[in-house]
Amino acid sequence: MTLARADRSQRPPAASRATASDAAEGVRRAQRRRHRWTAWAFLLPIVAYLAAFYLYPLYRNLDLSLRHYTVRSFVDGDAPYSGWDNFRQVLHDPTFWPALRNTMVFTLVSIAVQYTAGLGLAVFFNRHFRLSGLLRALFLIPWLLPLIVSSSTWSWMLNSESGVVNYALHLVGVAPVDWLTSPHWALVSVIIANIWIGIPFNLVILHSGLQNIPADLHEAAALDGAGPWQQFRRITFPLLRPVSAITLLLGLVYTLKVFDLIWIMTKGGPTDSSTTLATWSYRLGFGSLLPQFGPGAAVGNILILIALVFGLLYIRVQKRQEA
Amino acid sequence: MRHLRRTVLAGLLAIGTLTSAAACSSSGSTSATGGSAGSAKGGTYTFWDPYPQFDASSDWGKRVASCGTAAGVTVKRTGMDTSDLGNKALLAAQQGNTPDVMLVDNPVVSTLVQAGILNKTSDLGLDTSTIQQNIIGAGTLDGAAYGVPIGANTLALYYNKNVLKAAGVDAAGIKDWASLTAALQKVKAAGKKGITFSAIGTEEGSFQFLPWFWGAGGDLTKLDDAKGAAALSLWKDWVSQGLAPHDVLQNTQTTSWQEFATGDYAFGENGTWQLGNAAKAGFPYGVINIPGQNGGSAPAPTGGEFVTVPVQKDSGRYTVTKKIVDCLISPTNLLATDTTLSYIAPVTTVQQQQVQQNSALAPWVSAVAAARGRTSNGLGTKYPVISQQLWTAVQSALSGGKSPQDALTAAQQAAANHQG
Numbered sequence: 001m002t003l004a005r006a007d008r009s010q011r012p013p014a015a016s017r018a019t020a021s022d023a024a025e026g027v028r029r030a031q032r033r034r035h036r037w038t039a040w041a042f043l044l045p046i047v048a049y050l051a052a053f054y055l056y057p058l059y060r061n062l063d064l065s066l067r068h069y070t071v072r073s074f075v076d077g078d079a080p081y082s083g084w085d086n087f088r089q090v091l092h093d094p095t096f097w098p099a100l101r102n103t104m105v106f107t108l109v110s111i112a113v114q115y116t117a118g119l120g121l122a123v124f125f126n127r128h129f130r131l132s133g134l135l136r137a138l139f140l141i142p143w144l145l146p147l148i149v150s151s152s153t154w155s156w157m158l159n160s161e162s163g164v165v166n167y168a169l170h171l172v173g174v175a176p177v178d179w180l181t182s183p184h185w186a187l188v189s190v191i192i193a194n195i196w197i198g199i200p201f202n203l204v205i206l207h208s209g210l211q212n213i214p215a216d217l218h219e220a221a222a223l224d225g226a227g228p229w230q231q232f233r234r235i236t237f238p239l240l241r242p243v244s245a246i247t248l249l250l251g252l253v254y255t256l257k258v259f260d261l262i263w264i265m266t267k268g269g270p271t272d273s274s275t276t277l278a279t280w281s282y283r284l285g286f287g288s289l290l291p292q293f294g295p296g297a298a299v300g301n302i303l304i305l306i307a308l309v310f311g312l313l314y315i316r317v318q319k320r321q322e323a
Numbered sequence: 001m002r003h004l005r006r007t008v009l010a011g012l013l014a015i016g017t018l019t020s021a022a023a024c025s026s027s028g029s030t031s032a033t034g035g036s037a038g039s040a041k042g043g044t045y046t047f048w049d050p051y052p053q054f055d056a057s058s059d060w061g062k063r064v065a066s067c068g069t070a071a072g073v074t075v076k077r078t079g080m081d082t083s084d085l086g087n088k089a090l091l092a093a094q095q096g097n098t099p100d101v102m103l104v105d106n107p108v109v110s111t112l113v114q115a116g117i118l119n120k121t122s123d124l125g126l127d128t129s130t131i132q133q134n135i136i137g138a139g140t141l142d143g144a145a146y147g148v149p150i151g152a153n154t155l156a157l158y159y160n161k162n163v164l165k166a167a168g169v170d171a172a173g174i175k176d177w178a179s180l181t182a183a184l185q186k187v188k189a190a191g192k193k194g195i196t197f198s199a200i201g202t203e204e205g206s207f208q209f210l211p212w213f214w215g216a217g218g219d220l221t222k223l224d225d226a227k228g229a230a231a232l233s234l235w236k237d238w239v240s241q242g243l244a245p246h247d248v249l250q251n252t253q254t255t256s257w258q259e260f261a262t263g264d265y266a267f268g269e270n271g272t273w274q275l276g277n278a279a280k281a282g283f284p285y286g287v288i289n290i291p292g293q294n295g296g297s298a299p300a301p302t303g304g305e306f307v308t309v310p311v312q313k314d315s316g317r318y319t320v321t322k323k324i325v326d327c328l329i330s331p332t333n334l335l336a337t338d339t340t341l342s343y344i345a346p347v348t349t350v351q352q353q354q355v356q357q358n359s360a361l362a363p364w365v366s367a368v369a370a371a372r373g374r375t376s377n378g379l380g381t382k383y384p385v386i387s388q389q390l391w392t393a394v395q396s397a398l399s400g401g402k403s404p405q406d407a408l409t410a411a412q413q414a415a416a417n418h419q420g
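Chains as they are written, first to last, in our numbering: chain A, 1 to 323; chain B, 1 to 420.
Treat the hints as calculated values from the structure; they're not laboratory data.
Glycine included, every Cβ here is placed at the ideal spot set by N, Cα and C.
Keep in mind that a hint or two might mislead.
What the hints assert, rightly or not - To list a few chain A residues with every Cβ distance to chain B over 12 Å, as calculated:
#1 ASP93
#2 LEU108
#3 HIS128
#4 ARG130
#5 ALA186
#6 VAL188
#7 ASP224
#8 GLY225
#9 GLN231
#10 THR266
#11 LEU290
Said to hold, decoys possible - One side only, chain B facing chain A, incomplete, derived with CB under 10 Å:
#12 ALA93
#13 ASN97
#14 LEU112
#15 GLU259
#16 THR262
#17 GLY263
#18 GLY378
#19 THR381
#20 TYR383
#21 SER387
#22 GLN388
#23 ALA393
#24 SER396
#25 HIS418
Take these sequences, add in the hints, and give me the full structure.
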């Protein structure tokens, strides 16, 4: 306080103050300009990176989807512009609606179960019992395994002839299920495998979110007589909302584009019963001897568009939370 | 913070537009540099094949290298996955740096010809007169061959002698579909499993179905006629009666072989390339040709790769390239090459030598003689479209989604739509 008063008494007289502040303003402006250039210099690597590895491929994909490519025009690079033809072809394809429906079911069911299971486990591990660290590390295994390994393993386990799952069912007297080869079960099977792979991600993020909630809030609530369920519903869950939102969004974007798991387990089949937009896009572009790059790129763009819509939705929700 | 974010975004957009514009204008020059890099290779000739399992020290690797040495150049060989090779070739052609010699799976040849990146064998002066017509047919479009088969393989039925003996079935008595199905039922009654094959939703699935489709007299341009439906019904009935396992829908030819190798199955539909594994299977086996619906051998599709010579900007390279190719396909070298690859030679005289060396190859030689190219008879690039619909129909009938006739009707409809 005394320091501030001393400061004030040392202020220069009004007349000289104007010129001094003008000069200071000039220096500050030059400084700010220099700052801005430095800022840009720091940004340059990431900007160049984003342009080369995100914007250009995105532009190429859009270009592919708007031209009529045959193998010859792909090589010669003179494919004629065809407007929305590829999109029209894709939308009228009998595969489109089943693929869209499967994508939605796959994504929403996966996320809902992953999130619920991940949250349950996170709350469980937040209690720090003995060996909880070790057990939590074990839960991370699905995340650490390469996807090709876990998908192939699931594919073996669910094999209708020699799979361990059908063997277990046989032991309890249930008839074998054609997990991967029946149109009714194929989608269910890939969803089960995907949930298993996605739980660790939800567990880790939600667990770290839980650790940011001050323990005294829970103590205070307990003193006020709130039971464990009420504590969870009125304290843990609301305070976890920002973390939950980011977990769900990341999970959504990640699950929308899942390709390798489905391709390894069922190839999108039998027929189209487990085809999603991602596997369909791949099948069009690379799945047969005669590639259809245009429609394949069109399906890919539709997928990007869906992810973008959800991304914008997230930003809106976040803004409302901030306000 | 928010202000900064907006500035960054604007900057990104601006720079992104700039770079993509620059990329557009420079795309012409990159292909030019690709071409000049090709001619700057000098004494090195590039060679792609779909045999990543063979490294430089393998017999195949040594043979390729020695053919380069004989032509006075170094051959740089790259082996890649067969399903990858077609797309890699298209991309390389787009950038103007295709390899000098490329071995591709035979149904891919017509796609690459459509793309305009392969030379005719007659333009290069390669002699293909001794090659069997049905084998080179897969690489022939409008009467001109665009490659030389390095070898051929095809499908037949392996059988487990122990299982057949226990079930009281004589393999020699299997002459048509009825006797084969009867044999499968006997095997099942004896507590063993019938037959395994691959009906996966990829080209492999079509490849395995074709002997039955053609064996019923089916026509790839008319998928929905009664003959095709008869073949699909045969497979469907086997699966629904438990004579074939339900997981054939998932089986690749490799996993189908693994099932057969367990020793539980009486029959396995598989190719020439499994002969080496058959000897290691631990039970006595035999091979019969796939029977036609009403007797005789069904035509199986030809498998195997073609040696092709992609178009180069610098046509001066073809002289050496021709020497390398001639070396690979000369009858004396073919015998060694096809023994290495476990293929049947595409030349009759060499086939006779192969049978002399190994009499077990005799049924395969006759199967290859009866085999048919998938892209033959003018089908060319129509085949990939038809094949995709065919394997889809097989999948939908075997999984119980549709009846065989409905599945094939839908397939014919879809194939017709795609070809406009």
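Against the structure, the hints come out as follows:
For ASP93/A, the shortest C-beta to C-beta distance to chain B comes to about 9 Å, within the 12 Å cut-off, and the non-interface label is violated. With a least beta-carbon separation of about 24 Å from chain B, LEU108/A lies farther than 12 Å from that chain, consistent with its non-interface assignment. No Cβ of chain B comes within 12 Å of the Cβ of HIS128/A; the nearest lies about 35 Å off, and the non-interface call holds. Every beta carbon of chain B lies more than 12 Å from that of ARG130/A, the smallest distance being close to 43 Å; the non-interface claim holds.
ALA186/A, annotated as away from the interface, has a beta carbon of chain B within 12 Å; the closest lies near 8 Å. At roughly 14 Å from the closest C-beta of chain B, the C-beta of VAL188/A stays outside 12 Å, upholding its exclusion from the interface. Here ASP224/A stays apart from chain B, with its beta-carbon at least about 37 Å from theirs, past the 12 Å limit. The beta carbon of GLY225/A sits about 41 Å from the closest Cβ of chain B, which is more than 12 Å, so the claim that it is off the interface holds.
Every C-beta of chain B lies more than 12 Å from that of GLN231/A, the closest at about 33 Å, which supports listing it as non-interface. Look at THR266/A: its CB is around 8 Å from the nearest CB on chain B, not clear of 12 Å, so calling it non-interface is violated. With a minimum CB-CB distance of about 4 Å to chain B, LEU290/A fails to clear the 12 Å threshold, and the non-interface call is violated. With a least beta-carbon distance of about 4 Å to chain A, the hint placing ALA93/B at the interface is held under the 10 Å criterion.
Here the hint on ASN97/B is broken, as its CB sits about 12 Å from the closest CB of chain A, past 10 Å. Proximity of LEU112/B to chain A holds as hinted, the smallest CB-CB distance being about 8 Å (cut-off 10 Å). Below 10 Å, beta-carbon pairs count as interface contacts, and GLU259/B has one with chain A at about 7 Å; its hint therefore holds. For THR262/B, the interface hint holds, since its Cβ comes within 10 Å of a Cβ in chain A; the closest pair sits about 8 Å apart.
A distance limit of 10 Å between C-beta atoms decides the matter here; for GLY263/B the minimum to chain A is near 13 Å, and the interface restraint is violated. Interface restraint check for GLY378/B: the shortest CB-CB distance to chain A comes to about 16 Å, outside 10 Å, so the restraint is violated. Nearest Cβ of chain A to the Cβ of THR381/B: about 6 Å, under the 10 Å cut. The hint holds. For TYR383/B, the suggested interface contact is upheld, since its CB lies about 7 Å from the closest CB of chain A, less than 10 Å.
Interface restraint check for SER387/B: the shortest CB-CB distance to chain A comes to about 7 Å, inside 10 Å, so the restraint holds. The criterion of a C-beta within 10 Å of any C-beta in chain A is met by GLN388/B, whose closest approach is roughly 5 Å, and the hint holds. Given the 10 Å rule on beta carbons, the hint for ALA393/B holds: about 9 Å separates it from the nearest Cβ of chain A. Interface hint at SER396/B: satisfied, since its Cβ lies 4 Å from the closest Cβ of chain A, which is below the 10 Å cut-off.
Hint status for HIS418/B: holds, given a least beta-carbon distance of 9 Å to chain A, under 10 Å.
The structure fails to meet hints 1, 5, 10, 11, 13, 17, 18 from the earlier list, while all remaining hints are met.
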